[in-house]
Amino acid sequence: MSSIKIICPNGHLGFAPLKPDSFLRGVEAGPDFIAADSGSDDIGPVPLGSDTSTSPEAWQRQDLEAMLLASRRIGVPMIIGSSGDTGTNSRVDRYVEIIREVAKKHGLAPFKLGYFYSEVDKERVRKAIGSDEPVLGLDGRDALDEAELDATDRIVAMAGVHPFRKLLEENCDVIIGGRSSDCAIFAAAALHRGASEADAYYLGKVLECASFCAEPYGAKETVLGAVNGSGVTVTAMHPDQRCTIASVAGHAMYERSNPYDEFVAGGRLDMRDCHYEQIDPRTTRVTGQRFEPAERVRVKLEGAGKVGERFVGIASVRDPYTIANIDKVIDWAKEQVVERFGASGYELYYNVFGKNGVMGDLETVKAPGHELCVVVQGVAGTTEMAEEVCMTGTRQMFYARLPEVKGTAGGVAFVLDEVLKASPAYRWTVNHTLAVDDPLELFPTHTVTIGA
Amino acid sequence: MKKLSDLAKTIRSKNAGVDKITFDIIFTDRDVYDQVRRSKAITPETVATLYGIEQSRIADFVEYDPACAIKFTLYRLRPSGSAGDSDIFGAQQYAPLLDIRIDI
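So the sequences go chain by chain: X and R.
For the first sequence, this note's numbering assigns the number 751 to the initial residue and increments by one for each residue that follows.
For the second sequence, this note's numbering assigns the number -11 to the initial residue and increments by one for each residue that follows.
The shape of chain X in the complex, shown without the other chains:
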């Protein structure tokens, strides 16, 4: 098997722009593929639920343009997974359109574009709920039931290597993917060129976040990963960054519950016996990884459901007596909301910064600071009600009745005497897996020639 080289310029394309210098170095190193992931569930459930992107289109376009021009210039495939933060169908369509526009702008010679969708029809999931193979919960969740499914607005399935491999076999020059396992984007390319599953998936695992596997810390720089028959090597492309044993091994545990297992549709990458070796100042080699195919393919599903419209209010406190009694102030405001709207049918939250606003119940410091900032969130079924819930919950802090307070002209300070419309509130309703006979079932692929 000959060596396979893949560069990754960005761990979440669009979320912040790639750095051009190390990307150029990566391109000059002669990769066989240029690939990046463009999504994450880190951004919360709002973008998936509301079918929006959290990344500005200008940044998405800038990175897609850089990658497309480089990949066409050196004649190697470009692969993107989890388009537009969430990998919904509208995000895939938007990326395909951006590729089309960039190709036209630069007068690129015709090339073949492949894309696939990841959205899952709720009725497909409903069928599984009552079947012999229920929709199993991840991370301690119960199996999915119909009530949670009904509360869900949109579901995407997490693709493994399968749709990417199909499109590579169809000789696509550019692949735009729906929601995908980060590592599958790269693993598919390596598998397509004959790498072992163990090396292919490890390569994907280490490349997925670009320079997060390098040190010193510096995001959005390009890294180059290679499989050459004796393990996986990873090299930092920024002249001041290095992929060290510590940085590469450390990255294996980033954003995951344990550092040993990476689950993908179709199997599990086992990193228990990985051996790390520094082979030059900027490169670490990894051997000893294993891949265990799954007996039954289960595909991860992500789903988000709307809770309601949302407004945000801000109130601050400087009086030490009021600070000491901030819970009573908040209770007073909550009571006024209950008097107006009853005890249910809306949600009202208080984050008290200066006390435990960042950590909530996990906060270990019990003494509050000398001033507090309270962020109030009101959520309800209609815009009007959400605004009034939030306004009542915020403004009534001003009128809280504390018996010993000296300042009787107003209990809190306002930077704005209004509440602000925020994105609607959503929640993660689905974090489950669905069994499939055909790993391509949930990921229909399409191809089109661009520039013809």
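Keep in mind that the hints were calculated from the coordinates and are not lab data.
You may find that some hints are simply not true.
Claimed, not checked - Within a straight-line C-alpha distance of at most 30 angstroms, the following computed DSS-like cross-link-like pairs (lysine-lysine) qualify: (1) X:K769 to R:K2; (2) X:K1116 to R:K(-9); (3) X:K1078 to X:K1116; (4) X:K769 to R:K(-3); (5) X:K916 to X:K862; (6) X:K1116 to X:K1056; (7) X:K854 to X:K916; (8) X:K1171 to R:K2; (9) R:K2 to R:K(-10); (10) X:K1116 to R:K(-3).
Take the given structure of chain X and dock chain R to it, following the hints.
Leaving out everything else, chain R in the frame of chain X:
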């Protein structure tokens, strides 16, 4: 006695999926890593006491030798990004670890 922040190179927290937050304590010196492990200052018991939670909220606790790292993961009470969540990325939950005293 030394503070953990003086011994570890990296102390961080971050989402591990939508229902959990994972914490990484990474050392550059294997001897220091081994001494911290042997001190038993960072165990499921001490972490639960520090954060004031039941041990059942700890989903995983791993001493990861290849990276000289101690890693544990907590279940969130509500999924990330739900209204009222104060840390959607889970990135600022590690501060109490900085001041852990290690007998070293």
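Review point. If you draw a straight line from the CA of X:K1078 to the CA of X:K1116, is it 30 angstroms or shorter?
Key: 16 angstroms, holds
Check your understanding: Between X:K1116 and R:K(-3), is the straight-line Cα distance small enough, at 30 angstroms or below?
Key -> Measuring from Cα to Cα gives roughly 27 angstroms; hence the hint holds.
Review point. Is the hinted pair R:K2 and R:K(-10) satisfied, with a Cα-Cα distance of at most 30 angstroms?
Key: Between R:K2 and R:K(-10) the Cα gap is close to 25 angstroms, so the pair holds against 30 angstroms.
Check your understanding: Given the hint that X:K1116 pairs with R:K(-9), does the C-alpha gap stay at or below 30 angstroms?
Key -> Holds - the C-alpha atoms of R:K(-9) and X:K1116 are around 20 angstroms apart, at most 30 angstroms.
Check your understanding: Can the restraint linking X:K769 and R:K(-3) be considered satisfied, given a maximum Cα separation of 30 angstroms?
Key -> OK: X:K769 and R:K(-3) at ~25 angstroms, within 30 angstroms.
Review point. Straight-line Cα separation of X:K769 and R:K2 no greater than 30 angstroms?
Key: 24 angstroms, holds
Practice item. Decide if the proposed pair is consistent with the structure: X:K916 and X:K862, CA atoms, cutoff 30 angstroms inclusive. Key: Measuring from Cα to Cα gives roughly 13 angstroms; hence the hint holds.
Review point. For the pair supplied as a hint, X:K1116 and X:K1056, is the alpha-carbon distance within the 30 angstroms limit?
Key: Given that 30 angstroms is the threshold and the Cα spacing comes to 34 angstroms, the pair is violated.
Review point. Are the Cα atoms of X:K854 and X:K916 separated by 30 angstroms or less?
Key: Given pair X:K854, X:K916 holds - Cα atoms ~26 angstroms apart, limit 30 angstroms.
Review point. Do the alpha carbons of X:K1171 and R:K2 lie within 30 angstroms of each other, as the hint requires?
Key: 28 angstroms, holds
Checked against the numbered hints above, the structure violates only hint 6.
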